[in-house]
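Asks: Chains as they are written, first to last, in the working numbering: chain A, 1 to 211; chain B, 212 to 678.
A portion of the hints provided could be inaccurate.
What the hints assert, rightly or not - What the simulated footprint calls covered on chain A by chain B, stretch by stretch (three residues with Cβ under 8 Å from a Cβ of chain B suffice, anywhere in the stretch; the number is not a length):
#1 22 to 32
#2 57 to 64
#3 143 to 155
#4 170 to 177
If you're looking for bench data, these hints aren't it; they were derived computationally from the structure. Glycine residues also receive a C-beta, built at the ideal position from the N, C-alpha and C atoms.
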Amino acid sequence: MEQFTQHTGLILPLDRANVDTDAIIPKQYLKSIKRTGFGPTLFDDWRYVTVGEPGMDHSKRVLNSEFVLNQPEFVGASILLARKNFGCGSSREHAVWALVGYGFRVVIAPSFADIFFNNSFKSGLLPIVLDNEMVDFLFDKSLSGQGYSLTVNLEKQQIVLPSGDTFAFDVDHYRKYCLLNGLDDIALTLKHTDAIKAYEEQRKQEAPWLF
Amino acid sequence: MASRTLYDKVWDAHVVHQEDDGTSLLYIDRHLIHEVTSPQAFEGLVLANRKPWRTDSVLAVPDHNIPTINRDKGITDPVAKLQLETLDKNCKAFGLTKFDMNDIRQGIVHIIGPEQGATLPGMTVVCGDSHTSTHGAFGALAYGIGTSEVEHVLATQCLIQKKMKNMLVNVEGQTGKGVTAKDIVLSIIAKLGTAGGTGYAIEFAGQAIRDLSMEGRMTVCNMAIEAGARAGMVAVDEKTIKYVKGRPYAPTKEQWQQASTAWLELTSDANAIFDATVVIDASTIEPQVTWGTSPEMVLPISAIVPSPDDETDTVKAQGIARALTYMGLKAGEAINNIKIDKVFIGSCTNSRIEDLREAAAIAQGHKIADNIMLAMVVPGSGLVKQQAEQEGLDKIFIDAGFEWREPGCSMCLAMNADRLEAGERCASTSNRNFEGRQGQGGRTHLVSPAMAAGAAIAGHFVDIREL
Ligand code: SF4
């Protein structure tokens with residue numbers, strides 16, 4: 001897993017609710033058998049004027065200048081800000097790979113869909129839930145024309161505004177630990193090999209039809 | 212022991228280890244795999260020099276990416292072909308059971324699990340696909356997982372999970388004529404919203420759910436994820452047990468006796484406590500049609516398209532305005548006047564035999580309307596297709612002008628050649644009406660199989676209760 005300790009970056013304000021994983025990475029790109037290469041087709045349907053297909057040279061496609069990702073003041077953004085229920089729909093982890101591939105390290109929203117939320121941590125993308133008021137505030141700031149940057153400190157669970165003001169966010173203890181240390185959770189689970197085997201033995205007695 | 216919900220019981224039976232903060236290792240009994248979300252998981256396994264923990268727990272099938280016509284010609288799209296070959300290669304390398312494209316048992320992963328008896332009551336079932344919630348219809352705890360979790364389950368037979376909260380959705384009373392499982396679940400989503408179930412395991416209960424067949428219960432659980440709930444469940448009853456009996460993967464002889472007795476315990480205790488309860492009166496449910504770009508944007512057939520001006524919440528009003536533009540609809544339009552271009556009957560929501568019977572009953576003796584460019588029926592599995600053909604349903608569809616295809620996900624997500632072109636409007640029995648879901652610029656209206664067939668015949672949405 002990619003390590004995450006602290007990150008400073010520019011906000012991309014994507015002012016929509018229920019952004020689904022189909023929108024984050026459209027289905028035609030899911031034919032790939034790799035984890036990489038999804039960055040250029042992140043938000044493909046919104047980002048380009050024409051329909052994209054795998055194998056195209058995406059740098060030659062015509063951009064949709066109205067889409068926020070293509071606006072000059074947000075070039076290089078690495079913190080995505082969105083409305084409620086971000087990442088709903090399909091379980092495709094390709095959505096996370098596309099966000100990370102583009103350069104995002106943090107997503108902030110008032111709520112996330114469960115599967116997306118879970119997938120994010122696996123590739124070092126930190127999803128942060130903030131209340132609506134704070135999300136509104138960040139939208140206001142980042143849409144005001146100049147671009148707006150934040151520092152996210154995972155160790156301290158703190159967001160630092162350009163003014164120096166800080167405020168806290170929640171993160172699950174286990175996930176924080178894995179992310180801070182860039183740990184492979186399979187290796188952690190395999191430390192419990194004996195417990196898994198013991199469970200299986202007991203279960204074979206209780207419910208033999210499962211084996 | 213304190214009273215427990217169905218979810219509590221299945222959860223408790225699968226906890227291998229628990230950390231102080233509640234993070235648990237949950238043992239997984241059944242792992243379903245398809246071609247799209249597994250290649251990177253196998254790659255990770257190989258790179259780390261690991262092997263699947265329990266090969267007999269895995270059942271693999273290609274479904275998302277395969278053609279629904281001319282299968283004898285093989286797969287022409289080289290990118291899709293590589294993905295399908297990769298599944299094949301991985302299954303062979305690790306000795307995993309896989310149904311090939313031309314195997315009669317091939318089909319959509321969520322159709323074939325139950326069909327084969329690979330999904331059993333009380334199991335934990337995972338698949339790298341969000342509609343894994345379908346299998347909860349058997350009183351199983353079934354989650355959709357991401358690719359890293361696919362790798363994790365392959366390597367350890369466990370999933371790292373925190374326990375979700377319990378929600379009870381009680382659909383009381385009886386539904387009226389022409390109201391199906393699809394209409395029930397769409398009206399539940401209308402009430403809960405697409406995020407209403409986030410963080411919960413939903414148990415669907417009440418007379419209207421008990422009255423449903425197992426197939427209907429699968430339709431309801433299938434769309435739990437559309438209400439944000441990773442898992443939907445229905446308590447086990449005699450119907451569940453009758454459905455499972457005799458299926459290829461189901462237990463036999465003494466084990467059958469033992470299992471079926473144990474399964475009857477898979478219900479919530481009478482005084483079990485739920486963190487949230489939602490009650491719906493089944494008699495008020497009408498046939499449903501989605502009008503927007505999220506499954507919560509759904510209304511009864513008798514309704515009119517809403518206006519953003521009537522919405523006080525600005526984020527929601529913007530959402531409605533956006534959806535109307537995308538869908539090419541005007542506020543105030545009657546839903547039953549909306550004309551359609553294509554019809555898709557299929558997907559893991561509605562491609563089982565009862566769905567096809569329901570649609571065929573409406574189509575029988577009619578022809579699709581002149582404005583319908585394509586109406587297709589895609590059975591959920593080879594076995595569903597065979598059964599339908601034995602009953603003559605294929606003839607009914609073909610005579611009415613529908614195309615009769617090979618099983619797969621098809622136009623539910625349009626990864627293969629089956630898709631909408633920009634601006635085309637589709638009556639679809641699938642589960643997602645997101646922008647571009649069925650093809651970029653395509654417009655999807657989610658309906659039941661009977662409503663889809665009715666729309667195909669009329670050329671626009673109709674209230675099938677009036678046919
Ligand atoms: S039919 Fe549709 S929803 Fe179901 S598994 Fe296939 S793509 Fe997913």
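Asks: Hints first: check each against the structure and report whether it holds.
Replies: Status of the hints after comparison with the structure:
1. 22 to 32: Our answer is that it holds, as 8 residues pass the Cβ test (under 8 Å) against chain B, meeting three.
2. 57 to 64: violated (count 0)
3. 143 to 155: violated (count 0)
4. 170 to 177: With 3 residues close enough to chain B, the hint holds.
Violated hints for the displayed structure, listed by number in ascending order: 2 and 3.
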